[in-house]
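A.B. asks: Assemble chain B onto chain A, guided by the hints.
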Amino acid sequence: MSNKLDTFKGSSNYVATDELMNAVNVSIALKKPLLIKGEPGTGKTMLAEAISESLGMPLIIWSIKSTTKAQDGLYVYDTVQRLYDSQFGEGDVSDISQYIKLGKLGEAFTSDQQVVLLIDEIDKADLEFPNDLLWELDKMEFYINETKETITAKTRPIVIITSNAEKELPDAFLRRCIFHYIAFPDEEKMREIIKVHFGDLDEKLVNAACEAFYKIREMDDLQKKPSTSELLDWLQALMLSGADVDSIVEKIPYVGVLLKKNQDIDMMYEIKEKGYSLKRW
Amino acid sequence: MFLEFFYLLRLRGLKVSINEWMVLMDAMNQGLAHSSLLAFYHLCRCILIKTEADYDKLDSVFAEYFAGIETPEDLPEEFWKWLSEEDRERDINDKRVHENVIHELEELLEMFHERIKEQKERHDGGTYWIGTGGTSVMGRGGYNPAGIRTGGHSRHRSAVQIAGEHHYRDFRDDQVIDVRQYQMAFRKLRQYSTRVDAAKTELDIDETIDETCDNAGMLHLVYERPRKNTVKVLLLMDSDGSMLMYSDMCARLFQALRKSNHFKDLKVYYFHNCIYDHLYNNPYCKRGDWIDTEWVLKNLDEEYKVIFVGDAAMAPSELYRRGGNAFVGLFNEETGITWLDRFDKRYKKKIWLNPIQRKNWEFAYGRETIEAIGKIFPMFDLTMDGLEKGIKRLLVR
Chain A
1 MSNKLDTFKG
11 SSNYVATDEL
21 MNAVNVSIAL
31 KKPLLIKGEP
41 GTGKTMLAEA
51 ISESLGMPLI
61 IWSIKSTTKA
71 QDGLYVYDTV
81 QRLYDSQFGE
91 GDVSDISQYI
101 KLGKLGEAFT
111 SDQQVVLLID
121 EIDKADLEFP
131 NDLLWELDKM
141 EFYINETKET
151 ITAKTRPIVI
161 ITSNAEKELP
171 DAFLRRCIFH
181 YIAFPDEEKM
191 REIIKVHFGD
201 LDEKLVNAAC
211 EAFYKIREMD
221 DLQKKPSTSE
231 LLDWLQALML
241 SGADVDSIVE
251 KIPYVGVLLK
261 KNQDIDMMYE
271 IKEKGYSLKR
281 W
Chain B
1 MFLEFFYLLR
11 LRGLKVSINE
21 WMVLMDAMNQ
31 GLAHSSLLAF
41 YHLCRCILIK
51 TEADYDKLDS
61 VFAEYFAGIE
71 TPEDLPEEFW
81 KWLSEEDRER
91 DINDKRVHEN
101 VIHELEELLE
111 MFHERIKEQK
121 ERHDGGTYWI
131 GTGGTSVMGR
141 GGYNPAGIRT
151 GGHSRHRSAV
161 QIAGEHHYRD
171 FRDDQVIDVR
181 QYQMAFRKLR
191 QYSTRVDAAK
201 TELDIDETID
211 ETCDNAGMLH
221 LVYERPRKNT
231 VKVLLLMDSD
241 GSMLMYSDMC
251 ARLFQALRKS
261 NHFKDLKVYY
271 FHNCIYDHLY
281 NNPYCKRGDW
291 IDTEWVLKNL
301 DEEYKVIFVG
311 DAAMAPSELY
321 RRGGNAFVGL
331 FNEETGITWL
341 DRFDKRYKKK
351 IWLNPIQRKN
361 WEFAYGRETI
371 EAIGKIFPMF
381 DLTMDGLEKG
391 IKRLLVR
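Sequences listed follow chains A and B, in order. Quick note on the numbering used here: the first sequence kicks off at 1 and runs consecutively. Quick note on the numbering used here: the second sequence kicks off at 1 and runs consecutively.
Extracted from the complex, chain A is given alone in its bound form (with noise of 0.2 Å):
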């Protein structure tokens, strides 16, 4: 192992565990990409960043969204500027490779330097996505049909592909990846996150929050439990308003930070009372 250079190890503002660095370490020595799923706010795409940060290599982020398609990440062909060229006399029309407009996927290939390339939320996008990026992902190379021109990579970008399971991912797909499933962070680590994000931060506040913080966690009624990111955002609200340490647990102040819903904080404060709640059905 120590004689591979490009190895994984964490950076300095991102936790890693070793299960999750053992998974990326591997991708990379295989080649394959790494997809990552996890519930919202464990970091998953923080790690791509990390991985760019800790191995000295740019990043390209493709984030996808309800109506990309497979070739916006490889190429687009600007048709239309082209017709617009042709009337005006402008550019040179016979040349079509000025109007293809390398995508992202197109974007990471085409680096001199090796890339990271994150493929952000997955899911996102129509059912047969994956599908489309099967061969791309896997030779790493497509083909520009107006140019009948190959793109290969030149160096493997290292991929990383997140997905917050809104919608299952095709077998053909799932078999070319490598798996990884980022759990929640357990107190122990997230201390060494809060750490990691605040420097020493005073230990009783810490204490009072990540108390605070497990406890809303454990209802099992609220809609959307807090996570990762809402609570080192309460921890800086905290800290900017100087709340009184002791009663943190008791009165959890500004919990609309925490929660995002009316319900939850409601449903929140009811269990609080009680015990627990009868809102249930």
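Certain hints may be false.
Reference excerpt, derived from the structure (chain A facing chain B, CB under 8 Å, subset only) [claimed, not checked]:
| no. | residue |
| --- | --- |
| 1 | 19 |
| 2 | 23 |
| 3 | 37 |
| 4 | 167 |
| 5 | 175 |
| 6 | 257 |
What follows is a set of in silico ranges between Cβ atoms, one per label pair, in the way DEER data are often shown [said to hold, decoys possible]:
| no. | chain 1 | residue 1 | chain 2 | residue 2 | range |
| --- | --- | --- | --- | --- | --- |
| 7 | A | 66 | B | 281 | 24 to 30 Å |
| 8 | A | 154 | B | 28 | 25 to 31 Å |
| 9 | B | 18 | A | 78 | 40 to 46 Å |
| 10 | A | 79 | B | 60 | 52 to 58 Å |
| 11 | B | 244 | A | 61 | 55 to 61 Å |
| 12 | A | 128 | B | 64 | 35 to 41 Å |
BS3-like cross-link-like pairs, simulated, lysine-lysine; straight-line CA separation at most 27 Å [as the list claims (entries may be wrong)]:
| no. | chain 1 | residue 1 | chain 2 | residue 2 |
| --- | --- | --- | --- | --- |
| 13 | A | 31 | A | 139 |
| 14 | B | 286 | A | 274 |
| 15 | A | 69 | B | 286 |
To be clear, the hints were calculated from the coordinates, so they are not data collected in a lab. These numbers were taken from a predicted model, which means no experiment stands behind them. Just so you know, even glycine gets a beta-carbon here, dropped at the ideal spot from N, CA and C.
C.D. replies: Chain B in isolation, oriented as in the chain A frame:
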């Protein structure tokens, strides 16, 4: 290697493909398992398993196959230091290994623990103590074929132990497997129309050509609205009672429909055996948590495509008699079949999906009511085939 393990995984219902197995072998060849069972476990997990729902299954199989193989964990800190410092190279022929090399694992472990108690200092190259480069059965970088490796890359906790703890039990979810198949079927349920409110973003080629010609050859682009799916779906599900045994199947169907975001609208209500004055808001069918069936009929226009999901099996009285409602304490003035007729008259496109297989309809409990309801609504069984036929039926004009 470990081919038995591969077949055991498949036997226990994990769909590991040959392809993935070869990748695992490749990873082992590259030394990614660091000759440690724990690393091997993590390697298996990230290469062979593709959903956290299967983590627990892997844990069980792993614990089953590798049970009893433990790695020593309670070695004093000092020992680790001796073992991890500097390597010693040794000529392969310099000393012959003991004849009686094969130890039972238990015996070996026992010996190992005894030796820890005895040993007081660092040893390298010996035949007895725990140390590096020796031929004793314990230590690192040594030459005993049946020894225990201590130190180096491996870690203190054994993989079997971790696997045995079942950390991922909560994620186990046996019903997700076929959601995608259902989803693919529902994708066919679409009718496109440009008559929706949206920005004009798509190039209308025919119009563009006409306009450009009128414009004496100067390019004039015309855009039109993108085509959008206009299908609206009303899903009515039988829940509780006799449907309990099909709940997995129905849950899958439901998940698939919920995740298909291409419908213009999706309304879901529940009923108990048959439809009467009320439709329930959730599958628990609690009294009071309902909506008037009349309201639904009035407010959801006839363009809605109605999908009933239910076994249609009930006592004939529930369908034909006033007050036949099986829910104790609820009295219906009008018979169930009257209500079903109303749905039939109101909506143009409707189907009934039945989790009971078609070939059993004639013999199942409630065959009279299955037949009667089948005369009102086109009925299909809840298989891929039936679903596809049903969806076709919803689409024909």
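A.B. asks: Any hints from earlier that this structure breaks? Give me their numbers in increasing order, please.
C.D. replies: 6, 11, 15
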